[in-house]
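2 protein chains.
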Amino acid sequence: MEQISCAKVFDGEHRQYQHQSSELHCQMRFAVYLPPAALEAEKNGDTVPVLYWLSGLTCTDENFMQKAGAFRVAAELGIAIVAPDTSPRGEGVPDDENGAYDFGLGAGFYLNATQAPWSTHYHMYDYIVDELPELIEENLPISSVKSISGHSMGGHGALTIGLKNQSAYCSISAFSPICNPMNCPWGQKAFGLYLGNNQADWQAYDASVLLAKEKANLPILVDQGDADNFLVEQLKPQALVEAAQQSGSDIILRMQPGYDHSYYFIQSFIEDHLRFHAESLV
Amino acid sequence: MEQISCAKVFDGEHRQYQHQSSELHCQMRFAVYLPPAALEAEKNGDTVPVLYWLSGLTCTDENFMQKAGAFRVAAELGIAIVAPDTSPRGEGVPDDENGAYDFGLGAGFYLNATQAPWSTHYHMYDYIVDELPELIEENLPISSVKSISGHSMGGHGALTIGLKNQSAYCSISAFSPICNPMNCPWGQKAFGLYLGNNQADWQAYDASVLLAKEKANLPILVDQGDADNFLVEQLKPQALVEAAQQSGSDIILRMQPGYDHSYYFIQSFIEDHLRFHAESLV
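Residue numbers (numbering that gives the first Met the number 0), protein chains in the order written: chain A, 0 to 281; chain B, 0 to 281.
With the rest of the complex left out, here is chain A:
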């Protein structure tokens, strides 16, 4: 992997790297925030724990890093943050034929596509679960002690990946996640095209279905603005709460009055999420 940028921020470093992904068959870029403790660890061959952040539709590795205001608290807590891209990229990677924002490039939905032409490149699930952490742990002062969070489509990614790999993550959080993609337009479009028409195959990527089936044994925090334009049609946090009740799982859902779907919402509560994860990242 090749470092392509570095900027000092809150005594740590924001870096971008690119690498050839074997899962996605294309060149990928990701960003990492190394808190001061990680720069110290880098000198000593030591490591710090990490939060993986999955962004929403249309985002790249940049949105969270530029807009979330997360580094002050990450620096204080000594937690690294890794922000991958939201889909495979590059000229050879197929996109929605109309360039829609909610499918194809920028909209990988953190799953392994099974349908042509998507199945060659769109393996974001394996990329996030296996390839990226291996790369990170091999090349950076970052340990395998990790938590996962995300926003909107990335909140769906954080919940599904965290729930399906409970021994690999210490805690899960999400802002405005797509909680029940099988029952909303964004999810139905993406799952239909990436996974085919058999809805039984969709269940493996639906947080509410997963959580209803199996009790979660790790802490889960969800923040949702009640002035979010996508709340009723696309996000459906109530489905997640009902699923948790069904399996006897504990999740914290906080409805935040007046907040919308933007990074201004994330900025307002990211400190809470970082401190929530810090309690488990030991």
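A hint or two may mislead.
If chains are identical, the list can't say which one is meant, so a pair holds when it fits in one copy or spans any two.
Stated by the list, open to error - Derived DMTMM-like pairs (lysine to aspartate or glutamate); straight-line CA-CA distance at most 20 Å:
{"id": "1", "residue 1": "K188", "residue 2": "D95"}
{"id": "2", "residue 1": "K7", "residue 2": "D271"}
{"id": "3", "residue 1": "K214", "residue 2": "E241"}
{"id": "4", "residue 1": "K7", "residue 2": "D225"}
{"id": "5", "residue 1": "K214", "residue 2": "D94"}
{"id": "6", "residue 1": "K214", "residue 2": "E22"}
{"id": "7", "residue 1": "K42", "residue 2": "E130"}
{"id": "8", "residue 1": "K188", "residue 2": "E136"}
{"id": "9", "residue 1": "K66", "residue 2": "E270"}
{"id": "10", "residue 1": "K42", "residue 2": "D95"}
{"id": "11", "residue 1": "K66", "residue 2": "D10"}
{"id": "12", "residue 1": "K163", "residue 2": "E1"}
{"id": "13", "residue 1": "K188", "residue 2": "E96"}
{"id": "14", "residue 1": "K66", "residue 2": "E232"}
{"id": "15", "residue 1": "K212", "residue 2": "D249"}
{"id": "16", "residue 1": "K163", "residue 2": "E241"}
{"id": "17", "residue 1": "K212", "residue 2": "D101"}
{"id": "18", "residue 1": "K66", "residue 2": "E90"}
If you're looking for bench data, these hints aren't it; they were derived computationally from the structure.
Guided by the hints, dock chain B onto chain A, whose structure is given.
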């Protein structure tokens, strides 16, 4: 003026407005952060003090608001923030003939142009000093108790506008300001085209010339990263320090080791600037 967006953030509101500017002869957009205290004041016909933020080359009202991470502390301190655009805008407004980033649209340099074709629209000095505060104070729960800050070209703007209007502002700060535009390529290009070739006319917009001539009677804080690519050729903070010595003015210049010219630098120290201004905004 017409409100075009509103998002809740740290219990306050980020709003964008557009209005027809009589100084600039075009429609302008600006952004404002109203802390919780301002929303309370709005109900009671009361007001809060304000920091005007001037952005750098290529920016709009959005860059600082999205990337600086300023709202947590502004909310705590009860200070509003106003972020105007960096130049006149719109179809009728002339731009650099080659679309250069450092002149024309996005590069108004906070001065009143005297040369055709720029002199019709490029009156950012009068817009920032007079028109915008009048509009703000008439329509929002924001008082005339104000300070001014900015970045790069906007740091030049904050310093020159603050120094030329010392009774109007409580304090000045800047990140990576262009300190001596008469002696750097960005300034020479812009001043030559906006103001003509008589360098005597440039002096009114050069912070180092202004500060050398007259003792400053308000607090001034400057942060400058020593890994900033523009430091030696364009920014020249040493000229400002020498000017302050010449007039017996107090300024605080902090050289910040390892920091560059980006918003990651601003994000790291904006809290210090807000607390610095809060001491004077009474």
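Checked hints:
1. K188 - D95: Close inside one copy (11 Å), not across copies (45 Å); limit 20 Å.
2. K7 - D271: between (24 Å within a copy, 17 Å between copies)
3. K214 - E241: within (12 Å within a copy, 67 Å between copies)
4. K7 - D225: between (35 Å within a copy, 11 Å between copies)
5. K214 - D94: Close neither inside one copy (37 Å) nor across copies (61 Å); limit 20 Å.
6. K214 - E22: Neither, since 30 Å and 64 Å both go past 20 Å.
7. K42 - E130: The answer is neither: 25 Å in one copy and 54 Å across copies each exceed 20 Å.
8. K188 - E136: neither (35 Å within a copy, 48 Å between copies)
9. K66 - E270: both (13 Å within a copy, 16 Å between copies)
10. K42 - D95: Neither: 45 Å inside a chain and 48 Å across chains, both beyond 20 Å.
11. K66 - D10: Cα proximity of K66 and D10: in one copy and across copies (18 Å, 17 Å).
12. K163 - E1: neither (30 Å within a copy, 48 Å between copies)
13. K188 - E96: within (13 Å within a copy, 45 Å between copies)
14. K66 - E232: neither (26 Å within a copy, 29 Å between copies)
15. K212 - D249: within (14 Å within a copy, 67 Å between copies)
16. K163 - E241: within (18 Å within a copy, 63 Å between copies)
17. K212 - D101: Neither: 28 Å inside a copy, 58 Å across copies.
18. K66 - E90: Classified as neither; 28 Å inside a copy, 30 Å across copies.
The structure shown violates the earlier hints numbered 5, 6, 7, 8, 10, 12, 14, 17, 18.
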